[in-house]
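Chains as they are written, first to last, in the numbering used here: chain A, 1 to 344; chain B, 1 to 366; chain C, 1 to 328; chain D, 1 to 341.
Just so you know, these hints were derived from the structure itself, not from any lab.
Predicted model only: the values in this text are computed from it and were never measured.
Ideal Cβ positions, reconstructed from N, Cα and C, are used throughout, including at glycine.
Hints are not guaranteed to be accurate.
The list that follows gives simulated cross-link-like pairs (lysine-lysine, DSS-like), each with its CA atoms no further than 25 Å apart [claimed, not checked]:
(1) B:Lys104 - B:Lys117
(2) B:Lys87 - C:Lys187
(3) A:Lys93 - A:Lys83
(4) B:Lys24 - C:Lys130
(5) A:Lys278 - A:Lys16
(6) B:Lys26 - B:Lys59
(7) B:Lys26 - C:Lys130
(8) D:Lys161 - A:Lys310
(9) A:Lys16 - A:Lys130
(10) C:Lys164 - B:Lys21
(11) A:Lys149 - A:Lys83
(12) A:Lys98 - A:Lys16
(13) A:Lys83 - A:Lys98
(14) B:Lys104 - B:Lys87
(15) C:Lys130 - C:Lys224
Which bits of chain A does chain B cover? Going by a derived footprint, with three or more residues having C-beta under 8 Å, they are [stated by the list, open to error]:
(16) 107-117
(17) 125-133
Derived Cβ-Cβ restraints for the label pairs, each shown as a range [as the list claims (entries may be wrong)]:
(18) B:Ile286 - C:Pro14: 46 to 56 Å
(19) A:Asp233 - D:Gly223: 14 to 24 Å
(20) A:Phe19 - D:Arg274: 36 to 46 Å
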Amino acid sequence: MQTLTPEVMLEVNNLKMHFPIRKGFRQRVVGHVKAVDDVSFAVRRGETLGLVGESGCGKTTIGRCIMRAYDPTAGAILYCNAKNEQVDLAALKSSDLKPYRRELRMIFQDPYSSLNPRMTVLDIVGEPLKVHGVARGAELEDRVANLLKRVGLRPEYMRRYPHAFSGGQRQRIGIARALALDPRIVVADEAVSALDVSVQAQILNLLEDLQAELNLTYLFISHDLSVVEYVADRVAVMYVGKIVELAETTALFAQPKHPYTEALLSAVPKPDPTMRSKRIVLEGDVADPANPPRGCYFHPRCRYAEDRCKTETPALRAVGQVGNLSHFAACHRAEELNLRGVVS
Amino acid sequence: MNTEKETPVYVAPQWKLVWWKFRKHKLALVSGIVILLIYLVALFVEILAPFLPDQTNSKYLYAPPQSLHFVDEQGNWGLYVYGYTSKIDPVALRRTFEIDSSVKIPVGLLVEGVPYKLFNLIPGNRHLLAPLDPDQPMYLLGADRLGRDVLSRLIVGTRVSMSIGLVGVLLSLVLGILLGGLSGYYGGNIDNLIQRVIEFLRSIPSIPLWMGLSAALPLDWDPLRVYFAITVILSLIGWTGLARVVRGRFLSLREEDFVMAARLDGASEMRIILGHMLPAFTSHIIAAITLAIPGMILSETALSFLGLGLREPVVSWGVLLQNAQDIRSIATAPWLLIPALAVVVSVLALNFLGDGLRDAADPYAR
Amino acid sequence: MLQYILRRALLMIPTLIVTSLVAYIIIELPPGDFATSYVANLAAQGDMASQETARVIREQYGLDQPATVRYLKWMQGILTQGNFGIAFELRQPVSSFIWERVWLTLALSLGSILITWALAFPIGIYSAVKQYSIGDYFFTFLGFIGIAVPGFLLALVLMYVQFKYLGQTSGGLFSSEFLTAPWSWDKVLDLLQHIWLPVIILAVGGTAELIRIMRANLLDELRKPYVITARAKGLPEWRVLLKYPVRLALNPFVSTIGWTLPFLVSGSIILSVVMNLPTTGPMLLRALQVQDMYLAGALILILSVLTIIGTLLSDILLAWLDPRIRYQ
Amino acid sequence: MKDESTLLEVKNLKTHFFLDEGTVKAVEGADLTIRRGGTLGVVGESGCGKSVMSYSILQLVESPGRIVAGQILFHRQLKCNGQSQMMDVIDLAALAPNSRAMRDIRGEEIAMIFQEPMTSLSPVHTIGNQIEEVITLHRRVDHATARRQAVDMLRRVGIPKPEERVDAYPFQLSGGMRQRAMIAMALACHPSLLIADEPTTALDVTTQAQILELIQELQRDLGMAVMLITHNLGMVAEICEEIVVMYLGEVVERADVFSLFREPLHPYTRALLRSIPRLGQIKQGRLDPIQGAVPDPYNRPVGCPFHPRCAQMMPGTCDRIHPELIERRDNRAVRCLLCEP
């Protein structure tokens, strides 16, 4: 097992998550959806790593593998815990996971379905505290009150049920639940996608404040490139179960090294009519993760594709350096291409 | 609305929201009260029935119903019924009865009569409404071919008919929750197998099967054993509906984010199922139970009616209707059909109640 | 499509096997051995059957062999010769006299299904489209009554009314002069004159249930966005309704044949007993009462197989209607 | 201002929903104009009434919703002998929802596409069937011609192998392809206005780009006007000429796209533009969110509907006086007491 460098808190190595496709009367396995297919990356202490991609690219699956909501098919998830010990979360039995459930927490996308409508805010936010035997009775109430204050809700509301709150407020409750056990890593899975634009900013600011205050590390999963650009220190771009590019945010947005990133950036409509530009419109549909094409998965839609792209699968490799951070891309032609980014 | 006024809704737990939603259904509310009354009757049979159900009286075979009077011709208050005069029909050689308004039979409230043990425990001999002289006839709903009081038999039958529904449904519920829960929770092959069994049970006609199974019950079994055998037979087929409801709820709940959130909180499987999932479908199950009871009642009635279910001396609505099987006896004594009315009213009320409950079961639907 | 039908038909086989097992278990349930009671019965009627007869019967039905062998022999008889065993009371092979009753049961059930559909379909559409109108409340209430009143009660009441006010005793499917007559056009006409009352009584319960299903399905479909799309095209309202939501609500409707059939067959049995119809109902009841188990088992098996085939047909019809199933 | 180029005018439209819990004023004063061949964007957050407003134009609002006031003037060009330019102004709000006149407009003159291409197409009819239906309904053509036109239309919206796909069911197509089929259906009769209600919200960014590109291209070729309803400010900035901003059922600001993004007048528009992260403007300080949330639809605030969340709220004024939509000389309009002359 490799050891983590001091600045790395979590390292995902060759992670695979394949879901079997079952069919027929006997539920035979006829194939696999390769939702996450051989993905490696590291999350650095105190940073926000953004994970972007289109629906079905596997970004949510990665988040759930790290949280061990799923049991990964293969690969390692190395994590350096509070006592500076290193464990492989992917190899742990579910019964041994409990201590890590305190240190790694998750914020969900849908502020409606992620809160049990039959429980009060006190019960929802207090549940992890009760489960881990941290607090009960009056002490539990005190701690929940503090958590609510911290996320900008009035503690008097803790006896209310979720249906008393708006979408933004519900998301704050979800954040309070995630913070209840003083976590070190928070996986935010599309945490602001279901919110109205005017409320989105409130939650983004809250997440930013909490990170500074509590020294949190975020894995921020989103399909919204503008949001990711705003919150992330580094960004990983996914396409059909693989990371195709990973770099420091400014570098990735200004000078992408993978044609898919370029197309993705160009596809985002910019809220400024003076910046209207020729969009790069990709042909066809996203590849089927149960039956991806040979070679580079992106080659059928890539305007720079060559013959070798159709046969050789490119590896994610360092193609540049910004400061002490490498710029990774999985493209045969990463160095020679001069791709268009977004400029302010 | 200001904050203070909103608070009741905001802090209302599930059962309160269900109740608020339920009470908007007036019909369901009334039905609920009717059902409550019927079960109260079933509970206090001994006090409510004027006579013993098997008390025969050869003097009053097929005596027609009398009506209860509160005031007599002279304007005096008092409870009484009129007596009968009988004459022999020379053609049919049968005794026919007419109400004789010259004979007044006084009746009273909480009259001493045949001794009984309430709930098999508390001894007593008071009957809510009975003739003061126990030898005088009082047939508010008429008499049957042995001169037994239909009203008393109807009241006694309530206990058996309403409880067979309840017991049968409880048995179905155990099977349904167990198998539906297994099916929904584990999925995969177990689910597949259970679904096949359910499909099979639903695709065969239930009555012939019930008939076959109950015909196979030994004739020398005592009534209690037959009663339980019949409930078991009914619930063997009846559990499928409940299992489907439970499975469906389990499947949809398993996908809910809040269940995953509880798992990520570190909660144990038991805590997740009991604390997070179960409360989400208790109200659905209660509604499903309410809707399943009428089926059981109807099935018992049908089987007993055919002579394959409960038999005399057990008294149930179906057993009572057996007397009304051929057109001749109905023509002679149409009041023998009154138990049918009890069946219809209780089934109707349970259906309305169940419908209302089902609509109110999920107050969080958006 | 063909593949779907084949697969679905193959899936039917285990169901059929289980059904025959259940029917056989019912045959075997009463205590005692068929041959002994058969011989005893013959003896009681003055027929001096020897131990030899009993031995022959035992051998023929394998009564001295384990239950599995007996079951297999029974099945073999049915599958190869259409031999369901001997009816104990009539002392005739079961297959020699049950088929007419089976056909009449089937005719009764199919007639009821058609009536049920003819009534439930338009009323269900009306109730959904005019939700919360007086008519909707009326039909909803009627539907509840139809569910709460079991068919045999309705039959009793109607027969009482008929007797009391028309002075007729009804019952049976034929007038007395046709009872034993061979089949002819006149007999069919006579049947039609008698069968409508039981058909309607049977249809009432099913109609009530189907109206509610149709109404609920259609209400669901009416709120789907594709209905708005159809309106936005400029289609007249009735064409919007019939082509789209009604068409989609038809799918769950068709799949209800699967359970309507067992429901109707069950209902017809009790109704036949009450109305004294020459269908399988009274015969099954009689067979069960006197523990004429081969006859009872044969009737249960035949009725169950017919409903299973009915379910299969409704599944195929559903697949034909719904491309999402067809192209699965 | 009323000239030959006006296609559709919505004047003080009000659509209310009458529910047991109370009346929801989903649209409470919408004013806008669409030019022939122009592109109008309608933006606002969820619950601002933009969808109900667009449904009102085609009288597709379902009970218990009803248009209670206002006019929807549609300037129809009567095509006699193919060339003539007779103008005919119809008030769509005055037509009965299922009248012949209204149905002749739907699909023929004004077509609509919806957010969810999966649920907006019937799952049990082939896409060909659904496209042919609209053609045979409005054009006197036989089945074969309608089918040929349907295939042509499918080709035109970029569906590969249209001769085969015409017999496909919606569930056999990907999300992007379904939305293309939906567009083919809407444009089959060459309407003069296409209303696109959140046409790309359910789609991924790259597919969204494809669909936007397609709509723009078809608009150029067919000369139709487009009314784009969306919550995405980026989308309106990319393809619209004029923009209408809605809040709680009211049009609060109307302007051409460049002026609006350069100099937003209404505090809500300004706050909205400040609160969204913009691509390519890396961390220029914190986002500036709008306080609170969109109010409950049963409890519209008294006075200006935005005042409880407005940073420039004038106590005693904004919470009492309901501002009018003021037309300005630069062809813009704004509904704010601060901006009144």
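Okay, the hints, checked on the actual structure:
| no. | hint | result |
| --- | --- | --- |
| 1 | B:Lys104 - B:Lys117 | 31 Å, violated |
| 2 | B:Lys87 - C:Lys187 | 46 Å, violated |
| 3 | A:Lys93 - A:Lys83 | 20 Å, holds |
| 4 | B:Lys24 - C:Lys130 | 21 Å, holds |
| 5 | A:Lys278 - A:Lys16 | 37 Å, violated |
| 6 | B:Lys26 - B:Lys59 | 47 Å, violated |
| 7 | B:Lys26 - C:Lys130 | 21 Å, holds |
| 8 | D:Lys161 - A:Lys310 | 24 Å, holds |
| 9 | A:Lys16 - A:Lys130 | 33 Å, violated |
| 10 | C:Lys164 - B:Lys21 | 47 Å, violated |
| 11 | A:Lys149 - A:Lys83 | 29 Å, violated |
| 12 | A:Lys98 - A:Lys16 | 23 Å, holds |
| 13 | A:Lys83 - A:Lys98 | 16 Å, holds |
| 14 | B:Lys104 - B:Lys87 | 19 Å, holds |
| 15 | C:Lys130 - C:Lys224 | 17 Å, holds |
| 16 | 107-117 | holds (count 9) |
| 17 | 125-133 | holds (count 4) |
| 18 | B:Ile286 - C:Pro14: 46 to 56 Å | 35 Å, violated |
| 19 | A:Asp233 - D:Gly223: 14 to 24 Å | 48 Å, violated |
| 20 | A:Phe19 - D:Arg274: 36 to 46 Å | 42 Å, holds |
Taken one by one, the earlier hints fail for this structure at numbers 1, 2, 5, 6, 9, 10, 11, 18 and 19, listed in ascending order.
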